[in-house]
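Protein chains: 2
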Amino acid sequence: MAHTVGQVAKAAGVTVRTLHHYDEIGLLSPSGRSGTGYRRYDDADLERLQHIRYYRELGFPLEEIAAILDDPASDPAAHLRRQHELLSVRIRKLQEMVTAIEFAMEASKLNIPLTPQERFEVFGDFDPDVHAEEAEQRWGGTEAYRESNRRVSRYTKGDWLRNKAENEDWGRRFVEVMSSGAPADSPAAMDLAEEHRQLISRWFYECSYEVHTGLADMYVADERFTAYFEKIKPGMAAYLSEAIHSNAITRA
Amino acid sequence: MAHTVGQVAKAAGVTVRTLHHYDEIGLLSPSGRSGTGYRRYDDADLERLQHIRYYRELGFPLEEIAAILDDPASDPAAHLRRQHELLSVRIRKLQEMVTAIEFAMEASKLNIPLTPQERFEVFGDFDPDVHAEEAEQRWGGTEAYRESNRRVSRYTKGDWLRNKAENEDWGRRFVEVMSSGAPADSPAAMDLAEEHRQLISRWFYECSYEVHTGLADMYVADERFTAYFEKIKPGMAAYLSEAIHSNAITRA
DNA sequence: CTTGACCCTCACGTAACGGTAGGCGGGAGC
DNA sequence: GCTCCCGCCTACCGTTACGTGAGGGTCAAG
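If you read the sequences in order, they're chains A and B.
Per our numbering, residue 1 is the first one in the first sequence, and the count goes up by one each step.
Per our numbering, residue 253 is the first one in the second sequence, and the count goes up by one each step.
Among the hints, erroneous ones may be present.
Each computed DSSO-like pair below joins lysine-lysine, with the alpha-carbon atoms no more than 30 Å apart [stated by the list, open to error]: (1) A/K231 / A/K164; (2) B/K485 / B/K416; (3) B/K262 / A/K109; (4) B/K361 / B/K262; (5) B/K416 / B/K483; (6) A/K10 / B/K361.
Facing chain A, a subset of chain B residues (Cβ under 7 Å, in silico) [stated by the list, open to error]: (7) G258; (8) R305; (9) L346; (10) M349; (11) V350; (12) I353; (13) S360; (14) F375; (15) G423; (16) G466.
Bear in mind the hints are in silico, worked out from the structure with no lab data behind them.
Since the structure is predicted, the reported quantities are computational estimates derived from the model, not experimental observations.
Every residue, glycine too, gets a C-beta built ideally from N, C-alpha and C.
With the sequences and hints as input, model every part of the structure.
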């Protein structure tokens, strides 16, 4: 029922120092002290800490969190509703960032320069732009980087050249099929579209059919991408786009 | 081709002071200066800033970002891959947090106490736990709270009582249908399951069929939830769960 | 040639802790 | 009963990533 700082810290994934700090500034003062001055946290304190952690994750400054939690107008359920809402907004924003990265990656592959707008629009400051914060705890340091590095960046220079070679090989075969007069929804074209998708998945990121059709739309909608493909062979952008769509429909 | 601090700051959604700071610590030094000492940023500088912003959003400390970006072993494409990966991990974690909130909300509605474990396991520090950071820029202050408040917390005490009344009314009618001997996949039971889903959507959060079946599973898997429903009427937890599943299958 | 917006370099201030020092308390093993 | 070590306590200084002026040049427009 009553816990010590150490226990609370361990359970909640924060340091003892953090709890001391929250006590100092009055954000979370334990409901009682032992005879010898030890802090004693009860279940209500834990619930408060839970809300604090969520609001912190959402980037609220401590002072503001104190104001929110001490606002008599909002009960615990209201906090949960608000956190749910804010988390959803934040997830949507991160998903936009993922899309932006995918866009930047395609541009990078095809040597297409980005406008400053395109580089940063995802950080757009004018609207539902939430702030985030720490949560780090134990893989601070370069750990996050190393971990991701182990998975994603274990490509050597040789791998990179192989990737380029595979892409060029795919390009040659695609142009062949296109020149053969086969329609964009022919099995041959769709197979190459599927191969295109799997090349992305193997070398860059998990490319779902949905994401793939997104790329296809971009190839015809953005003139710089269109130009890139048209230079390889006129009509290629539209042809590739249609092949990708057909492939997604029949396979998904 | 060459931009001033102000232009870059505006485009990238950071303050001039931030760019000064990045220059001071050598994280992003503009490629040149004008005759009168003005900083001039070119497109390569913008690309670097783009990566900085993404890594910052992912919570990397500036020093680490400098090390990563200056690592000759990783090209721009590698950074994009890594950012894509880390963002995906982060999104998954936030989605877990959303689920945890939904769980906490159900528990709160039914007056079920949470264990410390359950309160904080989503902050679990032992594994893919990424750190996040700012991004705030212009709706710092209490703006985020207010905005969310306008949408989600405009319920008055009266509304809250109405919600409770609606819930109790739903409960009564559900017990009736159950007592009538109608099977859990009967239209009457499914209609009440659907109503249950819409009550959540109206009062708490957008409850998809998928989320709803998740709740249904929890009602039978977690003994505390089961006990709550069993006390209303024996067999209710399983019956309600089945009705929700049937409803989701036929409507979705 | 003035005015307002924009740039420069200090330089101190702040938030949210991290880390360590110096000292008390408590229970387990001798 | 004594020792040991671990966990708790209260300061107090350090750090990161900027915020916020102060004091003073600059540049394009009118």
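Consistency of the hints with the structure:
no.	hint	in the structure
1	A/K231 / A/K164	holds, 18 Å
2	B/K485 / B/K416	holds, 19 Å
3	B/K262 / A/K109	holds, 28 Å
4	B/K361 / B/K262	violated, 46 Å
5	B/K416 / B/K483	holds, 18 Å
6	A/K10 / B/K361	holds, 28 Å
7	G258	violated, 13 Å
8	R305	holds, 6 Å
9	L346	holds, 5 Å
10	M349	holds, 6 Å
11	V350	holds, 5 Å
12	I353	holds, 5 Å
13	S360	holds, 6 Å
14	F375	holds, 4 Å
15	G423	violated, 18 Å
16	G466	violated, 14 Å
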